[in-house]
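Undergrad: These are the residues of each chain, in order.
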Amino acid sequence: MERPLTQHIPDSGATLHIREYEAVGGYTALKKVLREMEPAQVTTLVKDSKLKGRGGAGFDTGMKWSFVPMNMPGPKYLIANADEMEPGTFKDRWLLEGNPHQLLEGMIIAAYAIQATDAFVFLRWAYKDAAREMRRAIADAYTAGYLGKNILGSSFSLEMQLHTGVGRYMCGEETALLNSLEGKRATPRAKPPFPQVSGLFGKPTIVNNVETLSWISHIVNKGEAWFKSLSYTADGGTKIYGVSGRVNKPGAWELPMGITMRELLEEHAGGMRNGYRFRGALPGGASTDFLTEVHLDVKMDFAGVTAAGSRLGTGTMVVLDDHTCPVGFVHNLEHFFAQESCGFCTPCREGLPWAEKILWSLENGTGVPADLDLLEMHTQMLGPGNTFCALAPGAMEPLQSALKYFREDFEQHIKEKKCPYAHHQH
Amino acid sequence: MLTAIEIEKITHELQQVPVKKAACIEALKIVQQQRRWISDESVEDIAAMLEMSTAEVDSVATFYNLIFRQPVGRHIILLCDSISCYVMGFTALRQQLQNLLHINYGQTTTDERFTLLPNACLGTCDHAPALMIDEDLYRDVKAEDLEKILEKYS
Ligand SMILES: Cc1cc2nc3c(=O)[nH]c(=O)nc-3n(C[C@H](O)[C@H](O)[C@H](O)COP(=O)(O)O)c2cc1C
Ligand code: SF4
Ligand code: FES
Numbered sequence: 001m002e003r004p005l006t007q008h009i010p011d012s013g014a015t016l017h018i019r020e021y022e023a024v025g026g027y028t029a030l031k032k033v034l035r036e037m038e039p040a041q042v043t044t045l046v047k048d049s050k051l052k053g054r055g056g057a058g059f060d061t062g063m064k065w066s067f068v069p070m071n072m073p074g075p076k077y078l079i080a081n082a083d084e085m086e087p088g089t090f091k092d093r094w095l096l097e098g099n100p101h102q103l104l105e106g107m108i109i110a111a112y113a114i115q116a117t118d119a120f121v122f123l124r125w126a127y128k129d130a131a132r133e134m135r136r137a138i139a140d141a142y143t144a145g146y147l148g149k150n151i152l153g154s155s156f157s158l159e160m161q162l163h164t165g166v167g168r169y170m171c172g173e174e175t176a177l178l179n180s181l182e183g184k185r186a187t188p189r190a191k192p193p194f195p196q197v198s199g200l201f202g203k204p205t206i207v208n209n210v211e212t213l214s215w216i217s218h219i220v221n222k223g224e225a226w227f228k229s230l231s232y233t234a235d236g237g238t239k240i241y242g243v244s245g246r247v248n249k250p251g252a253w254e255l256p257m258g259i260t261m262r263e264l265l266e267e268h269a270g271g272m273r274n275g276y277r278f279r280g281a282l283p284g285g286a287s288t289d290f291l292t293e294v295h296l297d298v299k300m301d302f303a304g305v306t307a308a309g310s311r312l313g314t315g316t317m318v319v320l321d322d323h324t325c326p327v328g329f330v331h332n333l334e335h336f337f338a339q340e341s342c343g344f345c346t347p348c349r350e351g352l353p354w355a356e357k358i359l360w361s362l363e364n365g366t367g368v369p370a371d372l373d374l375l376e377m378h379t380q381m382l383g384p385g386n387t388f389c390a391l392a393p394g395a396m397e398p399l400q401s402a403l404k405y406f407r408e409d410f411e412q413h414i415k416e417k418k419c420p421y422a423h424h425q426h
Numbered sequence: 001m002l003t004a005i006e007i008e009k010i011t012h013e014l015q016q017v018p019v020k021k022a023a024c025i026e027a028l029k030i031v032q033q034q035r036r037w038i039s040d041e042s043v044e045d046i047a048a049m050l051e052m053s054t055a056e057v058d059s060v061a062t063f064y065n066l067i068f069r070q071p072v073g074r075h076i077i078l079l080c081d082s083i084s085c086y087v088m089g090f091t092a093l094r095q096q097l098q099n100l101l102h103i104n105y106g107q108t109t110t111d112e113r114f115t116l117l118p119n120a121c122l123g124t125c126d127h128a129p130a131l132m133i134d135e136d137l138y139r140d141v142k143a144e145d146l147e148k149i150l151e152k153y154s
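Order-wise, the sequence lines are chains S and X. Reminder that position 262 of the first sequence reads as 262 in UniProt numbering, one-by-one numbering, no gaps. Reminder that position 140 of the second sequence reads as 140 in UniProt numbering, one-by-one numbering, no gaps.
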């Protein structure tokens, strides 16, 4: 089983530095691209591979690049989205700390494909080790001639900057990220125009996730057929999956796209801890719908998880066990979303704190039956199409599925006027 | 008044961006690095230097979780309160921190040693519960470890 993205990352947790990266074939894809390929050929290759974005929405990467107007004069930008603030998500950290040059090489090739002049890594503040390693990697890449003017003697030039954020989940939303890079509040922008046409400082801009960009050099080296062959399903490649919660071996693993939830949980995460039973999981981070025991054989690819009523999201699963209160669990999530709402549109700004308050009252034993209808109403009012960005609909996914699958728990809180879980936490 | 070092660093940032406003967050970071927090006066000074209104600078300063508009202690404790840490018991850590430091979220110890803040997912959920003190990440933390951990910070 191949693990292209993570195979060279030392188990010790050390970082692969430039010489080590070159020794395992690093930067050969960049050389090949600059020597042999036209920008449009790179985009076509990525399009043919059907690589889908790993940042959550799963949009076709080559397609996204192809929307950039190539004949427009002036600067163009490429941005690696390394904000990773979705609770339960910790996959990009592995790539950033372990193999920063793999990301840089992917970025330089992507920048060449769209003929970008400047590239940015938008990195969250809390990733101190990643910041140190990225800073070093960028400096090393400049010294080696992979960045700067006339890269490796070609006519292509690219400047690269590391930008560290100051903490806000919204910075990960691609248009809010652009505002933040422009020094503003991280509120989203209306689309259209799409960033590919009018992004950073009004110029064509591509924003891609760290895991997405880390693929590019491999696809250039080995081709689209190889990329597709790595997967068990129609969505090509491997995926970095993760599991957290009360399992024996929480962690992250690079595995063929399309392995089942069961394999992930039982073989890789080592099953549930002694004394705990699996009740459900958010398959792809905090903004995805619960799946339960009946879904354990669902294939963890974009289509499979969607068909089961949830989303692959970031592919990092949070497990709910039978000792943890589902209402408390969802309360914690809604607390996060209410706090991190940018406040730009009314349904989200007003609705999320309301939903949070209702969940809190249920946990406190002061809930009433009508609260459940109110919560259902929120899942409609904050659902897709009613708010300016995907934060609010994302916030409703765990709530609506909890109301569906763990209804008896909600009702028990109301009937018993307390949280039935002995060791419940707030 | 901005110090010479602050002015020099902000001037350097201004050279990297096409419009002055775009350096606003960087300027806030620079001043906070020197003074630990952003006072009203600092907001005015940055606004003057970037040719922005104070309200505009303040709207940015108050938006981000890690720009502090109130004085903070010498060390910032960021306790992850997100979902994996919830499942793995961050509340026990919060309780123990409150017992040891006699402060609640958002407060600073009277000796200005620590400020305690909740923080969204630190991206290390497979090692929950987790917390950060200044630049140091602690994973798989147990309540009984906390006293020893805090001793490292004077
Ligand atoms: C509130 C919110 C937060 C997001 N945070 C991130 C993030 O931290 N990292 C990321 O890659 N994508 C994040 N996204 C998705 C981005 O908007 C965007 O779809 C993604 O970066 C595109 O990259 P991809 O096509 O390579 O997946 C977020 C979206 C929303 C609505
Ligand atoms: S949905 Fe929420 S986060 Fe998104 S724009 Fe509206 S208020 Fe901001
Ligand atoms: S939920 Fe605490 S580190 Fe992710």
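Since the hints were made in silico from the structure, they are not lab data. Hints are supplied without guarantee of correctness; some may be wrong.
Claimed, not checked - In silico lysine to any residue, SDA-like type, Cα no more than 20 Å apart, as pairs:
1. LYS128(S) / GLU26(X)
2. LYS184(S) / THR54(X)
3. LYS20(X) / GLY202(S)
4. LYS128(S) / GLN33(X)
5. LYS249(S) / HIS127(X)
6. LYS184(S) / GLN15(X)
7. LYS184(S) / LYS142(X)
8. LYS357(S) / TYR105(X)
9. LYS21(X) / PHE201(S)
10. LYS249(S) / TYR138(X)
11. LYS249(S) / GLU135(X)
12. LYS142(X) / TYR142(S)
13. LYS203(S) / LYS21(X)
14. LYS203(S) / VAL17(X)
15. LYS128(S) / GLN34(X)
16. LYS128(S) / LYS21(X)
17. LYS128(S) / HIS75(X)
18. LYS128(S) / THR11(X)
19. LYS142(X) / LYS149(S)
20. LYS184(S) / THR11(X)
21. LYS149(S) / GLN15(X)
22. LYS128(S) / GLN15(X)
23. LYS203(S) / GLN16(X)
24. LYS20(X) / PHE201(S)
25. LYS128(S) / ILE67(X)
26. LYS184(S) / ILE67(X)
27. LYS20(X) / LYS249(S)
28. LYS184(S) / LYS21(X)
29. LYS128(S) / GLN32(X)
30. LYS184(S) / ASP40(X)
31. LYS184(S) / ILE76(X)
32. LYS128(S) / LEU14(X)
33. LYS21(X) / LYS249(S)
34. LYS203(S) / LYS20(X)
35. LYS21(X) / LEU162(S)
36. LYS128(S) / THR54(X)
Stated by the list, open to error - Cβ-to-Cβ under 7 Å is the rule here; a few derived chain X residues that face chain S:
37. LEU14
38. ALA120
39. THR124
All values reported here derive from a predicted model rather than from experimental measurement. C-beta: ideal position from N, C-alpha, C; glycine also.
Undergrad: Work down the list of hints and note, for each, if the structure agrees.
TA: Do the hints match the structure? See the list:
The suggested pairing of LYS128(S) with GLU26(X) holds, with an alpha-carbon distance near 17 Å, which does not exceed 20 Å. Distance check on the hinted pair: LYS184(S) and THR54(X) sit about 13 Å apart at the alpha-carbon level, within 20 Å; holds. Only pairs whose Cα atoms come within 20 Å are accepted, and LYS20(X) paired with GLY202(S) is accepted, the gap being roughly 16 Å. This hinted pair checks out: LYS128(S) and GLN33(X) have alpha carbons roughly 15 Å apart, not beyond 20 Å.
Our distance criterion of 20 Å between C-alpha atoms is met by LYS249(S) and HIS127(X), whose separation comes to about 10 Å. Restraint check: the Cα-Cα separation between LYS184(S) and GLN15(X) comes to about 18 Å, which is no more than 20 Å; the hinted pair holds. Of the pairs offered as hints, the one joining LYS184(S) and LYS142(X) is violated, with about 39 Å between alpha carbons and a cut-off of 20 Å exceeded. Under the criterion of a C-alpha separation no larger than 20 Å, the hint pairing LYS357(S) with TYR105(X) is consistent with the structure, at around 19 Å.
Restraint check for LYS21(X) and PHE201(S): satisfied, since their Cα atoms lie roughly 11 Å apart, inside the 20 Å limit. Taken as a hint, the LYS249(S) and TYR138(X) pair is honoured in the structure, with Cα atoms around 18 Å apart against an allowance of 20 Å. Restraint check for LYS249(S) and GLU135(X): not satisfied, since their Cα atoms lie roughly 26 Å apart, outside the 20 Å limit. For a cut-off of 20 Å, the pair hint linking LYS142(X) to TYR142(S) is broken: about 43 Å separates their Cα positions.
Taking the CA atoms of LYS203(S) and LYS21(X), the gap is about 17 Å. The hint holds against a cut of 20 Å. Between LYS203(S) and VAL17(X) the alpha-carbon distance is near 14 Å, which keeps this suggested pair within the 20 Å criterion. Of the pairs offered as hints, the one joining LYS128(S) and GLN34(X) holds, with about 19 Å between alpha carbons and a cut-off of 20 Å not exceeded. For the proposed pair LYS128(S) and LYS21(X), the alpha carbon gap of about 26 Å is over 20 Å, so the pair is violated.
A threshold of 20 Å between alpha carbons decides the hint, and for LYS128(S) with HIS75(X) the separation of about 16 Å falls inside it, so the pair holds. With a CA separation close to 25 Å, the supplied pair LYS128(S) and THR11(X) exceeds the 20 Å bound. Restraint check for LYS142(X) and LYS149(S): the C-alpha separation of about 51 Å exceeds 20 Å, so the hint is violated. Only pairs whose Cα atoms come within 20 Å are accepted, and LYS184(S) paired with THR11(X) is accepted, the gap being roughly 18 Å.
Distance restraint check for LYS149(S) and GLN15(X): the Cα-Cα separation of roughly 18 Å lies within the 20 Å cut-off, and the hinted pair is therefore satisfied. A C-alpha spacing of about 25 Å is found between LYS128(S) and GLN15(X), which places the hinted pair above 20 Å, so the restraint is violated. Taking the CA atoms of LYS203(S) and GLN16(X), the gap is near 16 Å; set against the 20 Å cutoff, the hint holds. For a cut-off of 20 Å, the pair hint linking LYS20(X) to PHE201(S) stands: about 12 Å separates their Cα positions.
Proximity of LYS128(S) to ILE67(X) is assessed by CA-CA distance (about 17 Å); at most 20 Å being required, the pair is judged to hold. Between the alpha carbons of LYS184(S) and ILE67(X) the distance comes to roughly 13 Å, so the proposed pair stays at or under 20 Å and holds. At most 20 Å may separate the alpha-carbon atoms for a hinted pair to count; LYS20(X) and LYS249(S) exceed this at roughly 49 Å. A hinted pair counts as satisfied when its Cα atoms are at most 20 Å apart, and LYS184(S) with LYS21(X) qualifies at roughly 8 Å.
For a cut-off of 20 Å, the pair hint linking LYS128(S) to GLN32(X) stands: about 17 Å separates their Cα positions. Between LYS184(S) and ASP40(X), the direct Cα distance comes to roughly 18 Å. Compliance with the 20 Å bound is thereby established for this hinted pair. At roughly 25 Å between alpha-carbon atoms, LYS184(S) and ILE76(X) are farther apart than 20 Å, so this suggested pair is violated. Distance restraint check for LYS128(S) and LEU14(X): the Cα-Cα separation of roughly 24 Å exceeds the 20 Å cut-off, and the hinted pair is therefore not satisfied.
Among the hinted pairs, LYS21(X) with LYS249(S) is inconsistent with the structure: their alpha-carbon atoms are about 47 Å apart, more than 20 Å. Simply put, LYS203(S) and LYS20(X) have alpha-carbon atoms about 17 Å apart, close enough for the 20 Å limit, and the pair holds. Simply put, LYS21(X) and LEU162(S) have alpha-carbon atoms about 18 Å apart, close enough for the 20 Å limit, and the pair holds. A C-alpha spacing of about 31 Å is found between LYS128(S) and THR54(X), which places the hinted pair above 20 Å, so the restraint is violated.
Annotation: interface hint on LEU14(X) violated; nearest CB of chain S at approximately 11 Å, more than 7 Å. For ALA120(X), the suggested interface contact is upheld, since its CB lies about 6 Å from the closest CB of chain S, less than 7 Å. Nearest Cβ of chain S to the Cβ of THR124(X): about 6 Å, under the 7 Å cut. The hint holds.
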